[in-house]
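Protein chains: 2
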Amino acid sequence: MKFFQRFHQLFINNSRHTRSKIIVVPPEARCHTKAVTGTNTSFTARSHTLGELRVDHVNTKVKLCGWLQFQRYGRFLTLRDAYGTTQLIVPEENAELVEKIGSLSYETVLEVVGTVKARPTEQKNKAMATGDVEVEIEDMKVLNSCKQGLPFEIRDFTKVNETLRLKYRYLDLRHQQMQKNLRLRSKFINDIRGFLCNKHGFLDVETPTLFRKTPGGAQEFIVPSSQHKGHFYSLPQSPQQFKQLLMVGGIDRYMQIARCYRDEGAKPDRQPEFTQLDIELSFTTRNDIQTLIEEMLVEVWPDDFPKIPSQFPRLTYQEAMSQYGSDKPDTRFNWKLKDVTNIIQESQDCVISDDLKSDSNTACCLVIPQGKNNISGKTINKLKQFGKQLDASVKVYFTKVQDGDNLQGDLSKKLSQDTAHKLIHKVEGVSMDLLLVATGKWTDVHTVLGRLRTECANIYEEQGVEVRQKKAYNFLWVEDFPLFLPREDGEAGIESAHHPFTAPHPEDAHLLHTQPDKARSLHYDLVLNGSEVGGGSIRIHNADLQRRVLEDILKVEVGQLEHLLEALEYGCPPHGGIALGLDRLIAVLCDAPSIRDVIAFPKSSDGWDLMSRAPAPGTKEDLSHYHICTSDVMSETDLSK
Amino acid sequence: MKFFQRFHQLFINNSRHTRSKIIVVPPEARCHTKAVTGTNTSFTARSHTLGELRVDHVNTKVKLCGWLQFQRYGRFLTLRDAYGTTQLIVPEENAELVEKIGSLSYETVLEVVGTVKARPTEQKNKAMATGDVEVEIEDMKVLNSCKQGLPFEIRDFTKVNETLRLKYRYLDLRHQQMQKNLRLRSKFINDIRGFLCNKHGFLDVETPTLFRKTPGGAQEFIVPSSQHKGHFYSLPQSPQQFKQLLMVGGIDRYMQIARCYRDEGAKPDRQPEFTQLDIELSFTTRNDIQTLIEEMLVEVWPDDFPKIPSQFPRLTYQEAMSQYGSDKPDTRFNWKLKDVTNIIQESQDCVISDDLKSDSNTACCLVIPQGKNNISGKTINKLKQFGKQLDASVKVYFTKVQDGDNLQGDLSKKLSQDTAHKLIHKVEGVSMDLLLVATGKWTDVHTVLGRLRTECANIYEEQGVEVRQKKAYNFLWVEDFPLFLPREDGEAGIESAHHPFTAPHPEDAHLLHTQPDKARSLHYDLVLNGSEVGGGSIRIHNADLQRRVLEDILKVEVGQLEHLLEALEYGCPPHGGIALGLDRLIAVLCDAPSIRDVIAFPKSSDGWDLMSRAPAPGTKEDLSHYHICTSDVMSETDLSK
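For the record, the sequence lines run as chains A and B. Quick note on this note's numbering: the first sequence kicks off at 82 and runs consecutively. Quick note on this note's numbering: the second sequence kicks off at 82 and runs consecutively.
If you're looking for bench data, these hints aren't it; they were derived computationally from the structure. In this text the structure is predicted, and so the values were computed from the model without any measurement. Wrong hints could be hidden among the right ones.
All copies of an identical chain are treated as equivalent in the list; a pair is satisfied when it fits inside any one copy or across any two copies.
Straight line, CA to CA, 20 Å or less: simulated DMTMM-like cross-link-like pairs of lysine to aspartate or glutamate [as the list claims (entries may be wrong)]:
no., residue 1, residue 2
1, K280, E133
2, K417, D525
3, K222, E638
4, K268, D285
5, K261, D285
6, K228, E650
7, K222, E650
8, K310, D687
9, K240, D672
For reference, chain A alone in the conformation it holds in the complex (with noise of 0.2 Å):
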């Protein structure tokens, strides 16, 4: 019914319209497509897309657009849309068309009218959905030519550099791979909003992007502002201070596919611009804003992948840590820390017993499973290396497992026998393992650890040795996590460990006035294979406890935030939320070495736009409008040449 409508309409524009369109499908034709596709060709000229004809359609006239891919002595052409491909024919007696066609350079732009014919059985190609057909030509325009010498061929972009897929984005992007990471991005972000919006009622509210400075958080990109010289906005580095203030809006389920900004210069895999997923919500609780982060994730995972539970596995902070050696552990693969204080700081025969004086140090071993055969010599002077660049403070022993319970290299003189035994018993290490006897101070010893463990995964993995299992998507919850550290640029004092909104564990409330420092938080990460996909946390609601937070433990000057603060003083809601990087999590999902390969126009690592050059000198026009100066300008006309 509403095909013929639009048929209708279609006729009836094209009646009062000059530049009409010629419809040279039947509309049967055309309707019979729409109920096979649904989608990809209404409001176009093509009757059908490159990636959907079949045995069904033989005989149907049609009208293909696309790119031509191949061609053979004139006759036989690929086409190319973001569909898929098609084979098209000239028959042989068309000579004219069959010079015309030979003369084209490939990725020339093409529209075809045509019949779809089977293909002789010996010639149908089972490796091409549409390989059971193909069209013959009975007319043919070419839309646009494309110059000869493309700078790469559109074929498999893994063997391009990257740089010049950055430079030529739009050539990049009709690679079959880019074509299929940027529609599952679009269906999984599509369906996380009819998970949130439609199904359980959250208001997607747009938030601003020209802002001011949040203190303490990352480095914040600034915007001149020409009407207020001398002052500037920020781009914000996440909507947190806007969503908390919708809560106290009464808007109380709110999301936002948001875009972020943070200043971090070159950081591999990193954007100066990123889109997170932006949850919060009232009168809710941790447990709550995990349960529907779960349900959401199963419900927008895509169809084709291996499932994932419907609960994911929960650990403390203190459980990553003391069994991964990470707060974001990669739980593909089973290599975990056991501590060994207690053997080797028993056995007064051994030399490394010495580490320990020190009470708050501790031991540790990881086992790396057939490590004997696997790690050369060599590369373990290499994790040496690494170890110690990591942190000089921890001393990493690399002993293997001999004869089941005699240890070699650097263990083998430095501990009793009986030490030895009981160490192996201990880690249950057999023949050939590897073992790594970490010493120094808890937090140091179980990094350095965790980091050899996923270093020595990718030494295994890239020997072609199956280490993390694969086709695995391992969501997992790390929570308890200590509410303030020890301030990152050495000085004295702690700072917040996620920010300063975070609420405090209700259960270490009383230690915020005397020992902040052991507090632990409501804050809670969502880890995806040893990524960290998400962080969220239930927000401090009480304006004396975000004063006290901010004024007195961490000792913030509270002026910018004057506004928040009397916010929650107005009868603010007690709320949670959580953000998830999507650009992360969906590289996971269609498994890219990089986030820049699940979106459309990124920055290279040192932020440059390698298509357009931006970022660009600023004119003297520009500057002088925003009243600011540089030590290098240049005028517009010096730009253009």
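Position chain B relative to chain A; hints supplied.
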């Protein structure tokens, strides 16, 4: 089934976690509720929202959360949330609770456990959705207090000064109208995505906002780079270049709800950042895109609004200007302009025929029906002033029709009896009508009369005389715009009427070489009730033509656009698109006096965020990080004082 699963999970999670959730509502009750509301209680502590309780819920035990809107005698409370209000009562004997409630300030956040009771018939409140019931409180918890002295009551926001509303936006958002506006916005945009992505296979692609300046457009904000001294990103005024590059990249059906930026200084009802629905398709036509937008708006149009037609009227620019004196005519009222050049010109007897001595001059007349009664002499003087301010080169004569065929006022002496008769006859004037006759250059005359037409309608409506059709949503297309216009800055030469990527009308292609200023374009505007709510065009896909337009006709230096020109050379498909200004469109839907009323956190008209006081003075640290200077710089420590 799903509900039980969820409850099952809740209990499992509770047993696993120390900070467990108290489930006061028996699972059956919750399930029942969910069956009714489906959405707004999941993942929260409440069992029901404050808008949903009905007689069906009588005897249900409920847990409610919300803001104290009102209380009487400490016994009757009105609790409010985003979904409505519910009356709570305290049993008289619970003196302790009565006292506690008596001391609470309004806007305190409460959590209440109680049982739903039917109200006695005489106490039912028909004006309240939940007015048939009340909840008898069994337990009450103050979740957060609200300090005394709210800046305004949460009642009717139109009565509050807008500066105060913006400063305390988090309180303003509690107003029912703001809640309704943001809810309509969220749903409207979500439905648009559903139509485009789910039904028509569009891809939602996010494009960067840190980009390179597009020459010749609006003033773009600049963002200094810390990594590249003296270099700046620009915040794009639209994703125009990106969407065209996506087409080159074979992403042939693109949509985005795009954040755009324009630094326009203090213009009323403009925002430095705004949101547009951005659409682009390959292999499409103007008519296709217009049909797409018509089908989309019909489908997403809110159910409780008057229906809109399945096709919108289409006017050429020429028609719109001739009939309404505007390229965005408000067709909710019929007052049309009529050309009277011949009548004036032919009558050698009248003084004003001198105005038409120049061949290019015209005379045009607007009839204001019954203007004699409704527009006073004093107002006419003001209108004359207004006309002169708009364009001093246009002469406007105000004259009234008397006794059917005589004129009073400016023209009574200046036209002969015969000419007056002809004029009245031509414009179908009747007694008591006010005629506005303007002479001058065609475009100027029509523009001035177009503005006076709107102005007179406003004057009528201020006096309570209805002119515009009520609750009407008059969409229309304006098309066949000129491709170029004389430069706005008064310099010699022409500039793009819209942007330099607009394709010329195929019938006028030949004029590009000879008389480019006469060529029409394939640009189209979508107009709603006299506001331009969208615009788009078929784009130039041919590199040579694009270069010719930029270099030869517009004399633009193309250095900054080389990437786009090169992209067109590598097989760019024919394409076109449109962008709808969502803030404005939704403001019309919400009948909001300003777009600020449909944006959660807008800036004031001079670019301030009155809540956070952004933009803020630049700090020494930031300026030095970004290698820039201003004449007026403070350090971070100065700032927080």
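Hints, one by one, checked against the model:
1. K280 - E133: Cα proximity of K280 and E133: across copies only (17 Å, versus 32 Å in one copy).
2. K417 - D525: Intra 16 Å, inter 81 Å, cutoff 20 Å: intra-copy only.
3. K222 - E638: neither (68 Å within a copy, 33 Å between copies)
4. K268 - D285: both (17 Å within a copy, 8 Å between copies)
5. K261 - D285: Classified as between; 13 Å across copies, 26 Å inside a copy.
6. K228 - E650: Between copies only: 6 Å across, 65 Å inside.
7. K222 - E650: between (68 Å within a copy, 17 Å between copies)
8. K310 - D687: between (30 Å within a copy, 13 Å between copies)
9. K240 - D672: Classified as within; 16 Å inside a copy, 55 Å across copies.
Of the hints listed earlier, the one the structure fails to meet is number 3.
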